[in-house]
Amino acid sequence: MTWFRWIMLGLAIGLFGLFAYQLSQPKDEFIHSAMIGETIPPFDLPPAVADRPGLSSADLADGQPKLLNVFASWCVPCAAEAPNLARLEAAGADIVAVAIRDRPEDVARFLATYGNPFTRIGKDDISAVQLSIGSSGVPETFVIDGDGVIRYQHMGDIRDEHVPVLLAELREAGE
Amino acid sequence: MIAELGLAALWLAAALAGLQLLAGVVGLRDSGARIAALVRPAAVVQALLCALAFGALLLLFIRTDLSVALVARNSHSAKPFIFKLAGTWGNHEGSMLLWVSVMALAGGLIGLLERRLPERTMIATLAAQAFVGLGFYAFLLFSSNPFERLAQPPAEGMGLNPLLQDIGLAMHPPTLYMGYVGLSVAFSFAVGALLTRQVTPDFAKVMRPWVLGAWIFLTLGITAGSYWAYYELGWGGWWFWDPVENASLMPWLAATALLHSASVLASRDALRAWTIMLGVIAFSMSMLGTFLVRSGILTSVHAFAVDPERGTFILALLALNVGGALLLFAMRANTISEGQRFSVLSREGALVVNNVALSAILGIVLLGTLYPLLTEAFDVKVSVGPPYFNPVGAIFFLPMLVVLAIGPLLRWRRDSFERIQSPVVAIAVVALAVLAGVYFIAGIALLPLLGLTLAAAVAVASFLPLRGRSLRRLPSPVWGMVVAHFGVAVALFGMASDTAFQQERLVAAEVGDTIEDGPWAITLVSVEPAAGPNWTALEATLAASYKGGTPSIIRPQARSFWTPPQETSEVALLTRWNGQLYAALGGEAEGDRWQLRLWWKPFVTWIWYGGVLIALGGLLALIGRLAGDLKRRNARAQIALRRETTA
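Chains G and D, in that order, give the protein sequences. The first sequence begins at 2 in the numbering used here and counts up by one. The second sequence begins at 33 in the numbering used here and counts up by one.
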C-alpha cells in the first residue's frame, strides 16, 4: 500500500504541473474546423431571391475555387461584414451564399440595403445544408476549391484583418 | 465607514488565523506550552470578525452604497430586496468572503464546542484549518478585495445579469459553499489526525456530522442545478457532463465514499488510513472544482468571470493544501495501522466495495473532465461527453448498486450467506421479473434496461433492513440510510425511464394543427407576442390533452432580453405524477408555421424527487447523530456533576 500513497502524491504533482503549464499558455479560443479536407455533401437548394440562381453542390465543384458565405437577413453581424464581402468581390473572389431560415422579400431587402456580392444564393429553411457542412451559426464563410472540397472555414463576421487571409486561402485553393 | 470597518475586520480575522496557526504549531512541538491555549479563543474571535466583515458587505449591498466598487458593478438601486441581498454573494469577491466566513464560523464552532478528541489533535486540526483559511484570506485581501472604494461613485449601479435574478440561483452559491466548507472541516480533521497519529473511532464520530452536512448541501445543490439546466436551457436534458457539473459531482462522490468509510471507522475501528485519505481527497475535489470554474482553464457552457491571475492564485492554494496533505499522508500513513480485520462477507466488506466503486467512478469522471486539458498540451483538441461517461461509469455504478442492495443486510465483522439467503433471493426474483418484463414488453437498450432492473431491486432492498425491527425504536440514522437508498432507486428509475421511453416530436406547425406525442395530443391554439419588464417574447398557447382527457393550457416562450441582449427559451412544463410534457417554442418557419419541440418524458421528475429523498436521508442521519452526541454530552456532564457532589 505504501507505493500507492506515493503514486497519489505523484499524480497530484503531475496534475498541478499540467495546470500550471496550461495556465501559462495563451488561451486558444479559436475553434479549428473539423471539416477541412471534407468534400461538400450533395445538396440542391432553390433560389432565395428572384434575380440570382439557387445553389447546388455541383455548382461548387465546377473547377473554380469559391467563397461560400452562410448568412441571414435577420443576422446583425451579417450586415456588419457586408463591406468586407464587397472588398472580396472587388478583389476577384467568386462568392456564393446560403440564406438561412429566411423569406425571399427579407433577403431582397437585405441585399438592396447592404449590397449583393453573391453570384448564387440558395435557400436553406431548416438549416439542413448549413449543418451538413459543419456550420453552427451565421455568418460563416468557407473557402471551397474547384473539386468541392472545404479548404478553410471562417466563423463569425469578416473583419478587415480577415480579408487578406481569406484571399490567400482562396488563391491557395486555386493552385 | 462601513466598508473600512469590514476591511479592518477581515484583516484582523486574517491576523487571528495567523495566530491560530502559529500557536498551534508551537503547541504541537511542546505540548505543555501555554500558547496552545490561545488556539481555541483565536478560532472563536476569528469567526466573530468574519461574521462582522460579511455583515458589513451585506449592509453595503442592502443600502446600495455605490462608492464601493463591488456594489457598483453588481447591484442596482431598483433591484428587488432579495436580489440585493443575493448580490452580496452573486459575484467573485463576495462569494469568496462568504466561503471564508462560513469556514471561520465552522472553526469557531469547533473551537467552542468540540471536546471529544485529545487536545493535541484538536490543536492540530484548528491549526490546519487556520492554514487553509490563511490562503483564502490572502486571496481575498491581495487579489479580490470586496471592500474596495471607487474614487468617483457612479450615479447608478450596473445591475445583475437578469438570468441570475432567479431565486434558485440566488441560493445556489451558498448551498454549494456549505458543502465545500463542510468538506474543508473534514480535511482539517484528517490532517490533524495525521499530525498527531490519532486515528480513532472518536475521530470518525467527530468528523461525521461535518461530512454529512456537507454532503446534504452538495446533494441538494447538484439536484437543483440539474433541474435548473433542464428547464432553463430548453434542451430537454438533465445532465450534460459539462466540466462545471462534473466539478460539483466529484466532491459529492468523494464525500459519499467518505461518509460510508467514516461509519466503518466509527463503528468498527477499521479503514483508518483509507478514511483519512478520503478526507483529504474530498476537499481536494472541492478546491479542484473551484479552480476549474474560476481559472477558465477548461471551456464550459458556464461563463464565469474568468481571470488567469486568480487561477494562478487558486492553483498555488491547491498545490499547497492538497500537495502538503498528500505528502503528509504518504509519509505518515504507514504509521497508522489498518485497524480491526473483517471478513469479505460482512458489512465492512460491502462498504469497501462501495468505496472502491465510488472512487473508481470519481477517477473516471476526473479523467474525462481533464483529458481535453491533457491532449491540448499536445495540440490535440478533443471533447469528452456522454459516449465515454455513461458506459464507462456504468461499469462501476451498476455493480455498486448490487452491493448497495445487499450490503445493509449484512452484519458487521463476519456474516454467512445462509443467513441472508432469503432476502437476497427475494431481491433477485424482483430484479429478474422486472428484467424479463421490461425486456419482452418494451425491448429497450441495455443500459436503461439494467437501470430499471436495478432500480426495482434497490427499491425493494432498501426497505429490507427494517425487517423484524421495531419501527418506532429504530434509530434515525437507520431511517436515514433507508430513505437515502430508496432515493437512489427513485432517481435511477427516473433516469432510466426518461432515457428509454422519452418521445420527441420536432414539428413546424400551423395554428390549429394537432400533434401527437406519446399519450398526448397537443393543439397549437395561437402564437402571440408577450412582454415582461426587460424582455419581449413570442408566446405559443398549446392545449395539451393526455389520453383524450380535458386539455390543459401551456405557454412556452421564445424570449429576447435587451439588457444584455440575449435570447432564451422559456419552456412550458406540464407535470403529471408519471412524467412531464416539455414544450419549447423555436422560431417562425416558412408559411406561418412555428417550430415546436415537444417531449413526453415519462417519470423524469423522479430524478429530482430521488435527489431530494437522498438529501432527506442524510438529514435524518445527521439529526440522529447530533441528538446522540447531545445525549452523551448531557450524560457525561451529569456523571461529572455527581462525582463533584460526592467528592
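None of these hints come from the bench; they were simulated from the model. Given the structure is predicted, the values throughout are model-derived calculations rather than measurements. Idealized CB from N, CA, C, for every residue including glycine. Any given hint might turn out to be false.
A short list of chain D residues far from chain G (calculated; beta carbon distances all over 12 angstroms) [unchecked claim]: (1) Q230; (2) F323; (3) A348; (4) I427.
Short derived list, chain G residues pointing at chain D, Cβ under 7 angstroms [what the hints assert, rightly or not]: (5) W7; (6) L10; (7) F17.
Status of each hint after checking the structure:
1. Q230: holds, 19 angstroms
2. F323: F323(D) not clear of chain G: closest Cβ-Cβ about 7 angstroms, inside 12 angstroms.
3. A348: Violated: least Cβ distance 9 angstroms, not greater than 12 angstroms.
4. I427: holds, 21 angstroms
5. W7: Status holds, d = 5 angstroms.
6. L10: With Cβ-Cβ at 4 angstroms, under 7 angstroms, it holds.
7. F17: holds, 5 angstroms
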